[in-house]
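Participant: On the provided structure of chain A, position chain B as indicated by the hints.
Number of protein chains: 2
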Amino acid sequence: MKKIKIGLIGLGTVGTGVAKIIAEKKELLTSRLGACLDMVRVADLDIVTDRGLSFQDGVLTTDAFLALDDPDIDIIVEMIGGTGFAKEIVLRAIENGKHVVTANKALLADCGKELFEKAMEKKVDIAFEASVGGCMPIIKTLRESMIGNEIKGITGILNGTCNYILSKMYRDKTSFKDALKEAMDKGFAEADPTLDISGEDSAHKLAVLTSLAYGTDVNLADIYLEGIENIHRIDIAFAEEFGYRIKLIATNKPRGNAIEARVHPAMISNDNLLANVEENLNAVTVTGDSTGDILLYGYGAGMMPTASAVVGDIVDIARNIMSGAAGRIPLIFNSGKSKNIPIMPIDDIQTHYYIRFSAIDQPGVLSKISGALGKHQISIKTVHQKSRRINNKVPVVMLTHRARESNMKTALALIKQMNIIDPDPVLIRIEGEMDDDE
Amino acid sequence: MKKIKIGLIGLGTVGTGVAKIIAEKKELLTSRLGACLDMVRVADLDIVTDRGLSFQDGVLTTDAFLALDDPDIDIIVEMIGGTGFAKEIVLRAIENGKHVVTANKALLADCGKELFEKAMEKKVDIAFEASVGGCMPIIKTLRESMIGNEIKGITGILNGTCNYILSKMYRDKTSFKDALKEAMDKGFAEADPTLDISGEDSAHKLAVLTSLAYGTDVNLADIYLEGIENIHRIDIAFAEEFGYRIKLIATNKPRGNAIEARVHPAMISNDNLLANVEENLNAVTVTGDSTGDILLYGYGAGMMPTASAVVGDIVDIARNIMSGAAGRIPLIFNSGKSKNIPIMPIDDIQTHYYIRFSAIDQPGVLSKISGALGKHQISIKTVHQKSRRINNKVPVVMLTHRARESNMKTALALIKQMNIIDPDPVLIRIEGEMDDDE
Numbered sequence: 001m002k003k004i005k006i007g008l009i010g011l012g013t014v015g016t017g018v019a020k021i022i023a024e025k026k027e028l029l030t031s032r033l034g035a036c037l038d039m040v041r042v043a044d045l046d047i048v049t050d051r052g053l054s055f056q057d058g059v060l061t062t063d064a065f066l067a068l069d070d071p072d073i074d075i076i077v078e079m080i081g082g083t084g085f086a087k088e089i090v091l092r093a094i095e096n097g098k099h100v101v102t103a104n105k106a107l108l109a110d111c112g113k114e115l116f117e118k119a120m121e122k123k124v125d126i127a128f129e130a131s132v133g134g135c136m137p138i139i140k141t142l143r144e145s146m147i148g149n150e151i152k153g154i155t156g157i158l159n160g161t162c163n164y165i166l167s168k169m170y171r172d173k174t175s176f177k178d179a180l181k182e183a184m185d186k187g188f189a190e191a192d193p194t195l196d197i198s199g200e201d202s203a204h205k206l207a208v209l210t211s212l213a214y215g216t217d218v219n220l221a222d223i224y225l226e227g228i229e230n231i232h233r234i235d236i237a238f239a240e241e242f243g244y245r246i247k248l249i250a251t252n253k254p255r256g257n258a259i260e261a262r263v264h265p266a267m268i269s270n271d272n273l274l275a276n277v278e279e280n281l282n283a284v285t286v287t288g289d290s291t292g293d294i295l296l297y298g299y300g301a302g303m304m305p306t307a308s309a310v311v312g313d314i315v316d317i318a319r320n321i322m323s324g325a326a327g328r329i330p331l332i333f334n335s336g337k338s339k340n341i342p343i344m345p346i347d348d349i350q351t352h353y354y355i356r357f358s359a360i361d362q363p364g365v366l367s368k369i370s371g372a373l374g375k376h377q378i379s380i381k382t383v384h385q386k387s388r389r390i391n392n393k394v395p396v397v398m399l400t401h402r403a404r405e406s407n408m409k410t411a412l413a414l415i416k417q418m419n420i421i422d423p424d425p426v427l428i429r430i431e432g433e434m435d436d437d438e
Numbered sequence: 001m002k003k004i005k006i007g008l009i010g011l012g013t014v015g016t017g018v019a020k021i022i023a024e025k026k027e028l029l030t031s032r033l034g035a036c037l038d039m040v041r042v043a044d045l046d047i048v049t050d051r052g053l054s055f056q057d058g059v060l061t062t063d064a065f066l067a068l069d070d071p072d073i074d075i076i077v078e079m080i081g082g083t084g085f086a087k088e089i090v091l092r093a094i095e096n097g098k099h100v101v102t103a104n105k106a107l108l109a110d111c112g113k114e115l116f117e118k119a120m121e122k123k124v125d126i127a128f129e130a131s132v133g134g135c136m137p138i139i140k141t142l143r144e145s146m147i148g149n150e151i152k153g154i155t156g157i158l159n160g161t162c163n164y165i166l167s168k169m170y171r172d173k174t175s176f177k178d179a180l181k182e183a184m185d186k187g188f189a190e191a192d193p194t195l196d197i198s199g200e201d202s203a204h205k206l207a208v209l210t211s212l213a214y215g216t217d218v219n220l221a222d223i224y225l226e227g228i229e230n231i232h233r234i235d236i237a238f239a240e241e242f243g244y245r246i247k248l249i250a251t252n253k254p255r256g257n258a259i260e261a262r263v264h265p266a267m268i269s270n271d272n273l274l275a276n277v278e279e280n281l282n283a284v285t286v287t288g289d290s291t292g293d294i295l296l297y298g299y300g301a302g303m304m305p306t307a308s309a310v311v312g313d314i315v316d317i318a319r320n321i322m323s324g325a326a327g328r329i330p331l332i333f334n335s336g337k338s339k340n341i342p343i344m345p346i347d348d349i350q351t352h353y354y355i356r357f358s359a360i361d362q363p364g365v366l367s368k369i370s371g372a373l374g375k376h377q378i379s380i381k382t383v384h385q386k387s388r389r390i391n392n393k394v395p396v397v398m399l400t401h402r403a404r405e406s407n408m409k410t411a412l413a414l415i416k417q418m419n420i421i422d423p424d425p426v427l428i429r430i431e432g433e434m435d436d437d438e
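Quick note, the sequences are listed as chains A and B, same order.
Per my numbering, residue 1 is the first one in the first sequence, and the count goes up by one each step.
Per my numbering, residue 1 is the first one in the second sequence, and the count goes up by one each step.
Rather than coming from a laboratory, the hints here were simulated on the basis of the structure.
A quick note: this is a predicted structure, and the numbers were derived from the prediction, not measured.
Pairs involving identical chains hold if they fit within one copy or between any two copies, as the list cannot separate such chains.
Calculated cross-link-like contacts (lysine to any residue; reagent style SDA-like; alpha-carbon spacing at most 25 Å):
{"hint": "1", "residue 1": "K26", "residue 2": "I332"}
{"hint": "2", "residue 1": "K123", "residue 2": "A35"}
{"hint": "3", "residue 1": "K2", "residue 2": "A326"}
{"hint": "4", "residue 1": "K152", "residue 2": "N276"}
{"hint": "5", "residue 1": "K118", "residue 2": "T30"}
{"hint": "6", "residue 1": "K2", "residue 2": "K123"}
{"hint": "7", "residue 1": "K2", "residue 2": "S323"}
{"hint": "8", "residue 1": "K3", "residue 2": "E150"}
{"hint": "9", "residue 1": "K3", "residue 2": "C36"}
{"hint": "10", "residue 1": "K25", "residue 2": "G58"}
{"hint": "11", "residue 1": "K118", "residue 2": "M1"}
{"hint": "12", "residue 1": "K5", "residue 2": "A326"}
{"hint": "13", "residue 1": "K337", "residue 2": "G324"}
{"hint": "14", "residue 1": "K339", "residue 2": "S31"}
Chain A extracted, bound-state conformation (with noise of 0.2 Å):
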C-alpha cells in the first residue's frame, strides 16, 4: 500500500481536527484514496496539553523545519495562520518540492500570488479550500465546476461570527453588545472578535475569490471595508417591515474595466435565500454567465467542518501524487499570469440604499431632505416617516432605487449641513433588488 507522507504544522482548532480525521478515519480514506494517509510529523510549540490524540514515537516536535526539511514527507499541511511564521512555512515547503495544503485566508489574501508563482516554479500545489467557508467547496466549484462560465458577480456571508451576532439580534431583538457578549460566551466569537468584527476577515476570503473569479491579482486595500458594529436593532427592526434581513456580505462584481469589491453590513430582500442563513452558517452565491446563480450554504468554520475542507485538500494532492499529475490544475490560470483589473473606488459603486434620517419633527424637513437627494441623482423608491419620536425626533426612512455612491455622499453632507436632522444618518446599502438593470 502506497503510503502519502504529511508533515502538519500548528495543533490549534482545525489542526487538532484534521489529525483526528486523519487518524480516526484511516480505513475509510485508504479505502476511497487507495494509498494511507501518514502523519510523520505534527509539530507545535505546545506539545503537552492534551487534545484527545495519540501519535507513535518521535511524531510529535516543537520544531516545524523538522517536517519542512523531512525529504520523506509530500505534504505540509500549515494550520498556524498569520502571515508571518506562516508565509516562512509554506515558503520553505515549496522550496524543499512540497505541496502546502494551508487554510490560511489571511496570508493568500497578502501575498497569495507570490506563493502561486513559486509553486508552479517549483512544480508544487498548493491548496486552500478551507481558506474561505470552511466546508462549503467554493474554491472547487470556481476553479473546477464552473470553469465554462464568466463569474457575473459573487455575494457571500463570509464570516459565521457576524451572521450569529446578526440573527441574534434579529431573533432576540437584543442589541450589538448583548449578541456579541452571546457570540463569546458560545465560542462563537475570539477573545478579540476584532478581525470579524471589522469585516477584515471577510475581506481576505474576498480578495481570495476575486483574484480566482477574475484571474487578478487583488491589493487587500483596495477591498472597500465596514463592520457591522454600528448596526442598531431599529434598523433591523424597519429592514424586517419592508422585507429585507441584514447581513454583513462580501460582494464583488466586473464592472465595464474594473471590478467591484466590498464587504459592508446590507439588506438582503427574504427571497433571497442568503437572507435566510442564520446561526454562525455561511453561504454565497456565484452567478456564471451559463449556469446563472449557484448558491454553497454549510459551516464556514469549526475545527471539524473546516478539518473537513483540509482533509478534502490532502486527498486531492495525494491523488496527483499517486497519478504523477502535480500541477494539474494551474494555480493561476492564463500561462500562469494573473491580471492586473483595478477594484472600483466605493465612491463609483452604484447600488441601492436604506437611509434612516433622525429628523427634527417638523413641516417642509421631508421636502428638503428629499431635495437634496433628487439634486443629487438620487431617486426615492419609498418613504416612511414614523410616529415613534426618538429625543424629540422622528425617524424618516427612505429606500432609493440604484444610486451613486458619491451622489449619496454628497447629498447627505448637504442634508447635514440643513439643521434639521441629528448629525449621523444611517445608510445601509441594499443588495440583490430585483430592478437591478445589469
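Facilitator: The following block gives chain B in isolation, referenced to the frame of chain A:
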C-alpha cells in the same frame, strides 16, 4: 498548443448548449486549460435544423460511429439520453479507449456499475456531473470535497418540473392540473411529463447519489417512488398553516445495515432552506459526519446550466489527459468493488406523518381514529379538526411523532374499515423534523 479532441454525440438541448460554450468561449477555455478543446465530430440524426451553430466542413455527421471509431478523438460526449443506443455509444467509446462525459442519469441508474467497471478496466474516465442537479456540483462535492466524511444522509429537490408545479400551486393557489398545464406551456415540462411527475427522474438521480455516497450498487427498482400527481391544494394550504411547504424530495440515509432511499412528496419546515427553493430550481442537502449539512442550490436543468456542468467535466478529463492522470479518481472506491447494501423496504422506514381524513361529523369519530393510531404505536403530536365542511365531511388533520410506516399502513387500514371516513385518507411524510432522534 495542445488540442483535446472531442466527439459530441447528440445535438438536443444540452448538446447544443455544450457546442455553444465550446465555440463561444474558445479563448476563455483555452486560457484556463492551457489547451484547446477541438470538436472534431458532432453527430446527430438531424443535421438540417438550424441551432445557431456553425461547424467546419465534415464535422457535422449523422453517423455517431465516425466519432466513436475515430482514433484521434480523446473524449466522447454522450448527449442523446435514454438507455438504448446511449449505452451502446458509451460501451463502444470505452472499448475504443476514449473517455466519456455523460449527463445520462437513466443510463447510470440502470447500468452504472457495469459501465464503471468497464471504464476502470480500460483505464478511461467517465464524468457525469450533469447527470444530477444540472449545474450544482453535487457529484464533485461527494467524490472529492467530502471525501473525509461518512455520509449521514442526502435530501434533495432534484426535479425542476415538479418544483415548478408545486411552487405554482402554492403561490397562485391553483390545482395540480392547471399548474402542470402552465409548466408545459412555459417549457418547464416535457410534452410527456410522466417521467418527471411520477418521481422517476428523481429516482434515477437518487440512485446515482446513493451509490456514490455509500459506495454501494443500487437497484433502481428498490427505490420507493411516489409522484406529485395526487397533491391537492388543500394539503398545500394546511402545510402552510403548520409552517411547512410540500416538495418532491429524493432522500437517502444509512440505517444500520441497510439504506433508506425514497422519492415522494414531503412536508419540509419553513426553517429549512429546502422549503424556500422556488420555481424550477433544485437544491440538495448532504450531511457529512464532519461537515454537518452542506446545501447546494442552482438550476437543475435547462440548456446552459446543464451544458456548463458538461463543460466542467470535459475540462476535468482534459486536465487528466494533459497530466497523464486518467483514472485519477477511481469510479468505484474500495479497490473498484462496490458493496451491496440493501435498500430498506418502505414498510420499515420511520418518519413523521401528516394525515388528512375526511371524517363524518359526529361525536366519537376523533376518538376512534386516535385509538386506532395509538394501538399501532403511532403517537399524535397535534390534531386539527377543521370546521370547513367538504361534501358533508370535515377534514381532520393530524401530525404524528416519528412512526413506522408499516404501523401507519395497518392503522389506516383499520380506520378505513370503521366507515367513519371517506375511503382515501391523505398521507404525506414530514421530513427533517427536529425531534428526530438520530
